[in-house]
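Student: Here is what each chain is made of, one letter per residue.
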Amino acid sequence: MIATVATNPEAIASIPGEPRLWAAMVVASLGMFFTLVSAFGILRMPDLYTRMQAAAKAGTLGVALMVLSVAVYYNQLSYTMLALVIILFTFMTAPIASHLIGRAAYFIGVEKWSGHTRDDLAGCYDPSSHELRNDPAHDELKPNEDAGCTDEDEHQPQAAGTS
Amino acid sequence: MRRLTTLFALSIASIAQAAESNTADAVAPASIPAALDVPGLDIAMWIFYAILAVSLALTFIRVARGPSVPDRIVALDVMGNLCAVTIALTAIATGQPILLAIALVIALIMFLGTTAFSLYLERRTES
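Protein chains in written order, with my numbering: chain V, 1 to 163; chain H, 1001 to 1127.
Extracted from the complex, chain V is given alone in its bound form (with noise of 0.2 Å):
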């Protein structure tokens, strides 16, 4: 069906056996679930931030593990290296990429979904400078933390009370 050319003599070396090749299926099926669940986040999603974490956390685990899979099928130095350096490199930008996005959508002002509770980033940014300050309200829940009370549940009144 799918056309077999391997001319490669270090491929065609490393014909993988019974069981290594069942390892490299198993570890595909699971990239091809995460790549499904990801694609399924993205359209199913009710809100741009909740989409943006299926991207981000499905996709990568997706690719990761089908990279992986190839490693596990062509079990080689220089093609397991290869993708150990993918899954690196993925696993560094993912985070950095969708941190870019979600900081640019929240400046744009993107709608948020209905269910959603609490913003703690409200008030906190520079609208003109885009820096990152604490907010008036914030400042005087400082007492509070310095005597170890990190409960958020305890926070959240008196800031519904200052503010």
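A hint or two may mislead.
Derived DEER-like restraints, expressed as beta-carbon distance ranges [claimed, not checked]:
{"no.": "1", "chain 1": "V", "residue 1": "His-99", "chain 2": "H", "residue 2": "Ile-1109", "range": "34 to 40 Å"}
{"no.": "2", "chain 1": "V", "residue 1": "Cys-124", "chain 2": "H", "residue 2": "Ala-1053", "range": "20 to 26 Å"}
{"no.": "3", "chain 1": "V", "residue 1": "Glu-111", "chain 2": "H", "residue 2": "Leu-1112", "range": "27 to 33 Å"}
{"no.": "4", "chain 1": "H", "residue 1": "Leu-1119", "chain 2": "V", "residue 2": "Trp-113", "range": "21 to 27 Å"}
{"no.": "5", "chain 1": "H", "residue 1": "Ala-1050", "chain 2": "V", "residue 2": "Leu-77", "range": "31 to 37 Å"}
{"no.": "6", "chain 1": "H", "residue 1": "Ile-1102", "chain 2": "V", "residue 2": "Glu-131", "range": "39 to 45 Å"}
{"no.": "7", "chain 1": "H", "residue 1": "Ala-1053", "chain 2": "V", "residue 2": "Glu-131", "range": "42 to 48 Å"}
{"no.": "8", "chain 1": "H", "residue 1": "Gly-1040", "chain 2": "V", "residue 2": "Ala-122", "range": "52 to 58 Å"}
{"no.": "9", "chain 1": "H", "residue 1": "Gly-1040", "chain 2": "V", "residue 2": "Ser-114", "range": "26 to 32 Å"}
{"no.": "10", "chain 1": "H", "residue 1": "Ala-1053", "chain 2": "V", "residue 2": "Ile-108", "range": "28 to 34 Å"}
{"no.": "11", "chain 1": "V", "residue 1": "Phe-33", "chain 2": "H", "residue 2": "Ala-1064", "range": "22 to 28 Å"}
Treat the hints as calculated values from the structure; they're not laboratory data. Everything numeric in this text was worked out from a predicted model, so none of it was measured. All C-beta atoms, glycine included, are put in the ideal place defined by N, C-alpha and C.
On the provided structure of chain V, position chain H as indicated by the hints.
Tutor: Chain H only, in chain V's frame:
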């Protein structure tokens, strides 16, 4: 003269024979059971390609329908991931593991594109 012609004919015959044996040697590795001779692997590859096609279609719906620009950028990022996954799958299906280098290049270019898009979007809000 006659000896020369027989020598010539012999040399041509030997060259032809060598060429024949050469082509036979060149064909033989391709007929060695390579990547897809294991029963069931062919079907698995087709199932994986079908899953990839479905995921690409789902992601493309979001690219076409996405209400805001960042939605489309995120969906295009996922489409780039899907391209890298497709190339990794092709590396298994065709027995050419060097295709992984193309997957690396695609991942790099998608990161550059996403970064540039988001930086321009952020700069657009300043003006």
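Student: Is the gap between the beta carbons of Ala-1053(H) and Ile-108(V) within 28 to 34 Å?
Tutor: 32 Å, holds
Student: Taking the beta carbons of Phe-33(V) and Ala-1064(H), is their distance inside 22 to 28 Å?
Tutor: Holds, at about 25 Å.
Student: Is it true that the C-beta distance of Cys-124(V) to Ala-1053(H) lies inside 20 to 26 Å, as the hint says?
Tutor: Once the Cβ atoms are compared, 43 Å apart, the range 20 to 26 Å for Ala-1053(H) and Cys-124(V) is violated.
Student: Taking 39 to 45 Å as the hint, is the beta-carbon distance of Ile-1102(H) and Glu-131(V) inside that range?
Tutor: 40 Å, holds
Student: Has the hinted range 21 to 27 Å been met by the Cβ atoms of Leu-1119(H) and Trp-113(V)?
Tutor: Check passed, 26 Å falls within 21 to 27 Å.
Student: Quick check on a hinted range of 26 to 32 Å for Gly-1040(H) and Ser-114(V), using CB atoms only.
Tutor: Distance hint for Gly-1040(H), Ser-114(V) is violated at roughly 47 Å.
Student: Determine whether the Cβ-Cβ distance between Ala-1053(H) and Glu-131(V) falls within the hinted range of 42 to 48 Å.
Tutor: About 45 Å separates the Cβ atoms of Ala-1053(H) and Glu-131(V), which means 42 to 48 Å holds.
Student: Against the range 34 to 40 Å, how does the distance between the Cβ atoms of His-99(V) and Ile-1109(H) compare: consistent or not?
Tutor: Given a distance of about 19 Å, which is not inside 34 to 40 Å, the answer is violated.
Student: With respect to the beta-carbon atoms only, verify the hint that Glu-111(V) and Leu-1112(H) lie 27 to 33 Å apart.
Tutor: Distance hint for Glu-111(V), Leu-1112(H) holds at roughly 28 Å.
Student: Taking the beta carbons of Gly-1040(H) and Ala-122(V), is their distance inside 52 to 58 Å?
Tutor: Given a distance of about 55 Å, which is inside 52 to 58 Å, the answer is holds.
Student: Per the hint of 31 to 37 Å, is the separation of the Cβ atoms of Ala-1050(H) and Leu-77(V) within bounds?
Tutor: 33 Å, holds
When each numbered hint is compared with the structure, violations occur for hints 1, 2 and 9.
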